[in-house]
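Heads up: the protein sequence lines correspond to chains A, B, C and D, in order. All the letters of the first sequence, read from the start, carry residue numbers 3 to 80 under the numbering used here. All the letters of the second sequence, read from the start, carry residue numbers 3 to 80 under the numbering used here. All the letters of the third sequence, read from the start, carry residue numbers 276 to 414 under the numbering used here. All the letters of the fourth sequence, read from the start, carry residue numbers 276 to 414 under the numbering used here.
Some hints could be false.
[As the list claims (entries may be wrong)] Under 10 Å between C-beta atoms, here's a sample of chain C residues computed to sit facing chain B: (1) Leu-287; (2) Gly-309; (3) Tyr-328; (4) Lys-334; (5) Glu-365; (6) Asp-389; (7) Trp-398.
Source of the hints: derived by calculation from the structure; they are not laboratory data. These figures come from a predicted structure and were not determined experimentally. Backbone N, C-alpha and C fix where the C-beta goes; we use that ideal spot for every residue, glycine too.
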Amino acid sequence: MKVLTFGITKDIIGSRSLEVPSNLALTVGELRQYVISKYPKMEKLKSLAIAVNEEYATDDKRLIESDVVALIPPVSGG
Amino acid sequence: MKVLTFGITKDIIGSRSLEVPSNLALTVGELRQYVISKYPKMEKLKSLAIAVNEEYATDDKRLIESDVVALIPPVSGG
Amino acid sequence: MRKKIKISSSPLNLNEVIRFIRADENGAEDYFIGTVRNATKGESVTHLFFESYEAMAIKEMEKIADRALEQFDINNIAIYHRVGELKIQEVPVIIGVGSAHRVAAFDACRFAIDTLKETVPIWKKEFLENGEVWVSAHP
Amino acid sequence: MRKKIKISSSPLNLNEVIRFIRADENGAEDYFIGTVRNATKGESVTHLFFESYEAMAIKEMEKIADRALEQFDINNIAIYHRVGELKIQEVPVIIGVGSAHRVAAFDACRFAIDTLKETVPIWKKEFLENGEVWVSAHP
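This is chain A alone, in the form it adopts within the complex (with noise of 0.2 Å):
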């Protein structure tokens, strides 16, 4: 599964997406888990909300193939 980064998110893992183990990332919450312990310097930031098909989801949302996940972290637009 293809996860796009945007801003902070970016700049730590070096890239515009990341590619997760479908079987790793059942959830939401279970995404964020897997990003965090593959890159530690996510949990020092003040939030990390993920899109999935351009929404804010919860982390009981189950995630398959064909959504569009996103890191969001803190927004700072205006």
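Use these hints to put chains B, C and D onto chain A, whose structure you have.
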């Protein structure tokens, strides 16, 4: 003493200014009484403030011949 | 110069207001623009006429700007008012405020237009389909 | 059409926003303009960089416009955001609101910028004299 008129007070009086005998308007309060007694329609207004030298004046303010005096009906700018 | 006040019988120039407000130390600008609406209390409006006691109105607008600069954490403020005959969609008033942070800009802009409507000697006559009326003159 | 949303890497066009907002039935317009300030928390800023997750940001901006139209007595709203590199005094964001009466325009404009800063996936990197930082990323 010449008194400037604006907005609806100009329409009621029918002129851009009004000549008031100085001895009948020694104070701002007396001037208002004089204007209302001469033009009863003035009493129907929501308010009738009086400016002396381009500042709102209280009723006890004494008037002198050289003052620039104006009738200020309810304002409605903006 | 932190304040700019104008009364004009020509159309108000928003770009002039923006050029005055925009500054390196501002992160937020709020602009209130009054426009002539096509109706009031359910009646159609054809146009408006604004009259001012100009010398006094300028003084009162300057007082509003001074109070805004004193009461709110803003860097600059402009208050422009037009007089004469205005058609639907034309602009009687522009208030611009610049500040480091947005809350002060909003608060000061709102304070300025609220106070202008209470204290500045400017009068508006509405021309309706059936007659004309000096706004707010009667209870 | 009562809302207009845009994300652009070119300078935002305020006149386009005004043309969209101005309408016969509006008596009040409020425009919030964010500008790049030359300092933050006492440090000099040289420039900013804004990045967006554009598809999602557009959706979130549309939600804000829809909520504003629903919650406040306004006629129309525009939300424009710029991305890319911006220098001091340049404009990252414009929010315009039109309404019959001014209180709704102020309230909706403030709601829109407050919510944008909380929900829209746009990120700002500040370039300071000594380094660079993604704003708000860390506690």
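Now the hints, each set against the structure:
1. Leu-287: Violated, because the Cβ-Cβ distance from C/Leu-287 to chain B comes to roughly 13 Å (cut-off 10 Å).
2. Gly-309: holds, 5 Å
3. Tyr-328: holds, 5 Å
4. Lys-334: Holds: closest Cβ of chain B sits about 5 Å from C/Lys-334, inside 10 Å.
5. Glu-365: violated, 14 Å
6. Asp-389: Result: holds, 9 Å to nearest chain B Cβ.
7. Trp-398: holds, 3 Å
Hints 1, 5 from the earlier list are contradicted by this structure; the remaining hints agree with it.
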